[in-house]
Amino acid sequence: MTGTENSIGWSREEMAGRVAQDIPDGSYVNLGIGIPELVARFVPEGRELIYHTENGLLGMGPSPEPGEGDPELINAGKRQVTAKPGASYFHQSDSFAMIRGGHLDLCVLGALQVSQNGDLANWSLGGPDDIPAVGGAMDLVAGVKSIFVITQHCTKDGAPKLVESCTYPLTGLRVVDRVYTDLAVIAVTPEGFQLVELAPGVDFDTVQERTGARLLPIAEPTSNV
Amino acid sequence: MTGTENSIGWSREEMAGRVAQDIPDGSYVNLGIGIPELVARFVPEGRELIYHTENGLLGMGPSPEPGEGDPELINAGKRQVTAKPGASYFHQSDSFAMIRGGHLDLCVLGALQVSQNGDLANWSLGGPDDIPAVGGAMDLVAGVKSIFVITQHCTKDGAPKLVESCTYPLTGLRVVDRVYTDLAVIAVTPEGFQLVELAPGVDFDTVQERTGARLLPIAEPTSNV
Amino acid sequence: MIDKTRANVTEAVREVFDGATVMIGGFGEAGSPIELIHALIDQGARDLTVISNNCGSGEVGLAALLKAGRVSKMICSFPRTANSTVFPDLYRSGRTKLELVPQGTLAERIRAGGAGIPAFYTPTAVGTPLADGKESRRFHDRDYLLEYGLTADFTLIKAKRADTHGNLVYNKTARNFSPIMAMAGQVTIVQTAELVSPGELDPETIITPEIFVDHVTHVPNPAHESELVAAGATYP
Amino acid sequence: MIDKTRANVTEAVREVFDGATVMIGGFGEAGSPIELIHALIDQGARDLTVISNNCGSGEVGLAALLKAGRVSKMICSFPRTANSTVFPDLYRSGRTKLELVPQGTLAERIRAGGAGIPAFYTPTAVGTPLADGKESRRFHDRDYLLEYGLTADFTLIKAKRADTHGNLVYNKTARNFSPIMAMAGQVTIVQTAELVSPGELDPETIITPEIFVDHVTHVPNPAHESELVAAGATYP
Chain A
1 MTGTENSIGW SREEMAGRVA QDIPDGSYVN LGIGIPELVA RFVPEGRELI
51 YHTENGLLGM GPSPEPGEGD PELINAGKRQ VTAKPGASYF HQSDSFAMIR
101 GGHLDLCVLG ALQVSQNGDL ANWSLGGPDD IPAVGGAMDL VAGVKSIFVI
151 TQHCTKDGAP KLVESCTYPL TGLRVVDRVY TDLAVIAVTP EGFQLVELAP
201 GVDFDTVQER TGARLLPIAE PTSNV
Chain B
226 MTGTENSIGW SREEMAGRVA QDIPDGSYVN LGIGIPELVA RFVPEGRELI
276 YHTENGLLGM GPSPEPGEGD PELINAGKRQ VTAKPGASYF HQSDSFAMIR
326 GGHLDLCVLG ALQVSQNGDL ANWSLGGPDD IPAVGGAMDL VAGVKSIFVI
376 TQHCTKDGAP KLVESCTYPL TGLRVVDRVY TDLAVIAVTP EGFQLVELAP
426 GVDFDTVQER TGARLLPIAE PTSNV
Chain C
451 MIDKTRANVT EAVREVFDGA TVMIGGFGEA GSPIELIHAL IDQGARDLTV
501 ISNNCGSGEV GLAALLKAGR VSKMICSFPR TANSTVFPDL YRSGRTKLEL
551 VPQGTLAERI RAGGAGIPAF YTPTAVGTPL ADGKESRRFH DRDYLLEYGL
601 TADFTLIKAK RADTHGNLVY NKTARNFSPI MAMAGQVTIV QTAELVSPGE
651 LDPETIITPE IFVDHVTHVP NPAHESELVA AGATYP
Chain D
687 MIDKTRANVT EAVREVFDGA TVMIGGFGEA GSPIELIHAL IDQGARDLTV
737 ISNNCGSGEV GLAALLKAGR VSKMICSFPR TANSTVFPDL YRSGRTKLEL
787 VPQGTLAERI RAGGAGIPAF YTPTAVGTPL ADGKESRRFH DRDYLLEYGL
837 TADFTLIKAK RADTHGNLVY NKTARNFSPI MAMAGQVTIV QTAELVSPGE
887 LDPETIITPE IFVDHVTHVP NPAHESELVA AGATYP
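Residue numbers (the working numbering), protein chains in the order written: chain A, 1 to 225; chain B, 226 to 450; chain C, 451 to 686; chain D, 687 to 922.
Hints are not guaranteed to be accurate.
Under the rule of at most 27 Å between Cα atoms (straight-line distance), these lysine-lysine pairs were calculated in the DSS-like manner [to be verified]:
1) Lys523/C <-> Lys584/C
2) Lys370/B <-> Lys309/B
3) Lys381/B <-> Lys303/B
4) Lys303/B <-> Lys547/C
5) Lys84/A <-> Lys610/C
6) Lys820/D <-> Lys584/C
7) Lys820/D <-> Lys145/A
8) Lys156/A <-> Lys78/A
9) Lys84/A <-> Lys846/D
10) Lys584/C <-> Lys547/C
11) Lys783/D <-> Lys820/D
12) Lys309/B <-> Lys846/D
13) Lys759/D <-> Lys820/D
14) Lys78/A <-> Lys783/D
15) Lys523/C <-> Lys547/C
16) Lys370/B <-> Lys303/B
17) Lys78/A <-> Lys846/D
18) Lys846/D <-> Lys610/C
19) Lys303/B <-> Lys523/C
20) Lys145/A <-> Lys84/A
21) Lys78/A <-> Lys145/A
22) Lys610/C <-> Lys303/B
23) Lys783/D <-> Lys759/D
24) Lys309/B <-> Lys610/C
25) Lys759/D <-> Lys78/A
26) Lys370/B <-> Lys584/C
Label pairs and their computed distance ranges (CB to CB) [unchecked claim]:
27) Asp25/A <-> Arg464/C: 19 to 27 Å
28) Ser883/D <-> Pro287/B: 15 to 23 Å
29) Thr535/C <-> His826/D: 32 to 40 Å
Because the hints were derived from the structure by calculation, they are not lab data.
All values reported here derive from a predicted model rather than from experimental measurement.
Backbone N, C-alpha and C fix where the C-beta goes; we use that ideal spot for every residue, glycine too.
Here chain A stands alone, though its shape is the one from the complex (with noise of 0.2 Å):
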């Protein structure tokens, strides 16, 4: 299955695109790095959302114009960035109270794997060559309200990325919300995967093709929830 990245399905753009949509007016926003950055590109017209970075600061802006940046401005992927009109800095301490005291709304990670139940890997491959290097992402697992995976819905490899129980190293247990992928969007439910949506010219067995674990189709809504 190697090669299948992009030739159906979402964008990497049109992931994120579809993750900001289900963004509600007025969050609190932590975005990982990587793909999850290019979430704030696509805010829907007449929302306004705040986006925090935990290297301490609230309000966080684009990238500056060039030779308009500080080195001492940047985000937790340690690029500059800017601080938008009601932005506010703050130490680690206070910076790791927000996360953890669940403060924020939302957070956006990439992701190794994601099992049926929500946990997360998305730190470490294991090796045992491998400089191990976590940062914030299980402080934000462990304390933001609701987590989205944003991430292709394989590897490079075609394995498959949502499985039944995670092989790498955990970030942490039952975690996760949902996951926006370049074929679907998922989310995760005390009886598994739930499929949400499916992008264009996707089908279900297709999806579920993809899937190391079970994947329920669609809820059909009911009149009486």
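Mind docking chains B, C and D on chain A? Use the hints.
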């Protein structure tokens, strides 16, 4: 022994001045409510002391001139104060991080009783109808590097305040380093109360008689220390 | 778009419910959100647990809330003050319970609650009556008590200046418990003497970032408790 | 009288001893006290335990201290960076040990150390390999890990502006770990881009009060790590 207060020995102002002599230049100091507040008036020439008030100010200055105070610039006794150049404001958790974390050099407190092993009772008479109120006293004695007590040697009824063991509810265990009274300066040592200095016109026997525990004489200077 | 302003103090405290836990900022009169407290008296919520360092003075502000019989329990460090008779009467008659907490432990419990820390160890109060019934543990040859984080359904605080997003700065020692109570309140309600637009506060100087704040209402000339008490004022 | 200024970075780091634990501020290059670190390399102390969020980049600053073989153990959350090869080599060859701590737990452990809290419970890392060997406990139906406060013999940080008493303010996200490390260091050593007299900093805006600071030295134009690395600089 009623009425002995101030008939011999140091006045309250002299006691406060005597405490001030023992505070090294550059110390960070918290002064308790009451007689301890007087100490601030007696900073010896050439020394700079920085006063902390636990409600959130480092660099506390004297009372404001009449009409120039701010009801929101107060000390722990809820009296209006001023802020000196170099002062800073902070919240309660940061203020008690200074206290509990051992960053203050000295706290001067009043006392109901001090025991010969340094236990302090200064927050409650323990009466059944008393409204208990503790404030920051227990945090101060637990966290500040040195605890000096300034107090009349005996109660108004003539009962000793320096005792073998406290009968009033404790503020902290083994916390007092020195006691400054109207009659003497007394150190709390592993062997118990040890006289450091007598007030003018007061002799050892007078102090021992008014002390509820054994008093060791002034340590003779030795050539081998 | 984000606008946390509420038309007045009445709107700001509308949601407080019977039986709620309410943190109220202030050390003595400094930082006490008197106008919000008076609105809470009018609002009528009862059986409240109030977390505040003191119990007010005279018969205004927090003392008036107590006198109105709305508080079933106080969690505080120093319920006695010079002009305080309301709480002592309620306490002696058993109508209001008291949990007495050392001031630094109270502050740290509030911060812990806001920071997602369920419990921590402190050296404060070891060997005293306030350690009774508490778990203790030895670290590095010293004894410590286990203390638990505190949170609240609502927090009422006073700011000097706020923007419409809820970023706050305070006035001098009125800061005291307000920043940590803002963190620990599920719904944090702010009265501010000045109200400005986002961007008007220097981001380096904001003490309470907007993420901790829910409702902001403009009270341009807040009363000082000591002046009300001196004038013999009562509320309502 | 109080004057904490030191003539230069060499004087400021003079007391650091072999085997010391040293906290170093910064997240990536933001807030990294490069000139103090270089002075520490010249000073020669070895067998250091360093607590810092990252491990530096290129062969300047913290990476240069590591490369000079002075660090026997790193306590950090993210030792990998784009231009970092020094630490990986030391780690794989076993010459520098690593204690990996989640970033928020690292921050809270440092604050706890500075605040006299010996230990606290956190939900972070429960169920992960970083919980191995750690004590856990259930509060309100959720599991938490027991984590211990961290202190240091010395803390090295960078300020934007300081007064001669040691009151500090920082620049934007360079603030990061510096205020809490200032609290947790037995001796806190500051390099500051601007040096002023007491009273020139607004007391409402001071981030680190002077009580946490021991030595202040004026470094008017601190280097940026990324520019040094881009220029291929090495130290010494």
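Checked hints:
The hinted pair formed by Lys523/C and Lys584/C meets the criterion: a straight-line CA distance of about 20 Å does not exceed 27 Å. As the CA atoms of Lys370/B and Lys309/B are separated by approximately 24 Å, the hinted pair is consistent with the 27 Å bound. A hinted pair counts as satisfied when its Cα atoms are at most 27 Å apart, and Lys381/B with Lys303/B qualifies at roughly 26 Å. For the suggested pair Lys303/B and Lys547/C, the alpha carbons sit about 24 Å apart, so the restraint of at most 27 Å is met.
Taking the CA atoms of Lys84/A and Lys610/C, the gap is about 22 Å. The hint holds against a cut of 27 Å. Under the criterion of a C-alpha separation no larger than 27 Å, the hint pairing Lys820/D with Lys584/C is consistent with the structure, at around 23 Å. Under the criterion of a C-alpha separation no larger than 27 Å, the hint pairing Lys820/D with Lys145/A is consistent with the structure, at around 25 Å. In summary, the hint linking Lys156/A to Lys78/A is supported, as the alpha carbons are separated by about 26 Å, within the 27 Å threshold.
Of the supplied pair hints, the one linking Lys84/A and Lys846/D holds, its CA atoms being roughly 21 Å apart against a limit of 27 Å. Of the pairs offered as hints, the one joining Lys584/C and Lys547/C holds, with about 19 Å between alpha carbons and a cut-off of 27 Å not exceeded. Distance hint between Lys783/D and Lys820/D is fulfilled; the C-alpha atoms sit about 19 Å from each other, no more than 27 Å. Proposed proximity of Lys309/B and Lys846/D is supported: the alpha carbons are some 22 Å apart, at most 27 Å.
Simply put, Lys759/D and Lys820/D have alpha-carbon atoms about 20 Å apart, close enough for the 27 Å limit, and the pair holds. The straight-line distance between the Cα atoms of Lys78/A and Lys783/D is roughly 24 Å, inside the 27 Å bound, and the hint therefore holds. Restraint check: the Cα-Cα separation between Lys523/C and Lys547/C comes to about 4 Å, which is no more than 27 Å; the hinted pair holds. Simply put, Lys370/B and Lys303/B have alpha-carbon atoms about 25 Å apart, close enough for the 27 Å limit, and the pair holds.
Only pairs whose Cα atoms come within 27 Å are accepted, and Lys78/A paired with Lys846/D is accepted, the gap being roughly 19 Å. A distance of roughly 26 Å separates the Cα atoms of Lys846/D and Lys610/C; the hinted pair therefore holds under the 27 Å criterion. At roughly 24 Å between alpha-carbon atoms, Lys303/B and Lys523/C fall within 27 Å of each other, so this suggested pair holds. Proximity of Lys145/A to Lys84/A is assessed by CA-CA distance (about 24 Å); at most 27 Å being required, the pair is judged to hold.
About 25 Å separates the Cα atoms of Lys78/A and Lys145/A, which keeps this hinted pair within 27 Å; it holds. Simply put, Lys610/C and Lys303/B have alpha-carbon atoms about 19 Å apart, close enough for the 27 Å limit, and the pair holds. For the suggested pair Lys783/D and Lys759/D, the alpha carbons sit about 4 Å apart, so the restraint of at most 27 Å is met. Annotation: proposed proximity of Lys309/B to Lys610/C holds, straight-line Cα distance about 21 Å (limit 27 Å).
Annotation: proposed proximity of Lys759/D to Lys78/A holds, straight-line Cα distance about 24 Å (limit 27 Å). Restraint check for Lys370/B and Lys584/C: satisfied, since their Cα atoms lie roughly 25 Å apart, inside the 27 Å limit. Take Asp25/A and Arg464/C: their Cβ atoms lie about 21 Å apart, and the range 19 to 27 Å holds. For the pair Ser883/D and Pro287/B, the beta carbons lie near 21 Å from each other, so the given range of 15 to 23 Å is met.
At about 38 Å, the CB distance of Thr535/C to His826/D agrees with the hint of 32 to 40 Å.
In terms of the numbered hints stated before, the structure departs from none.
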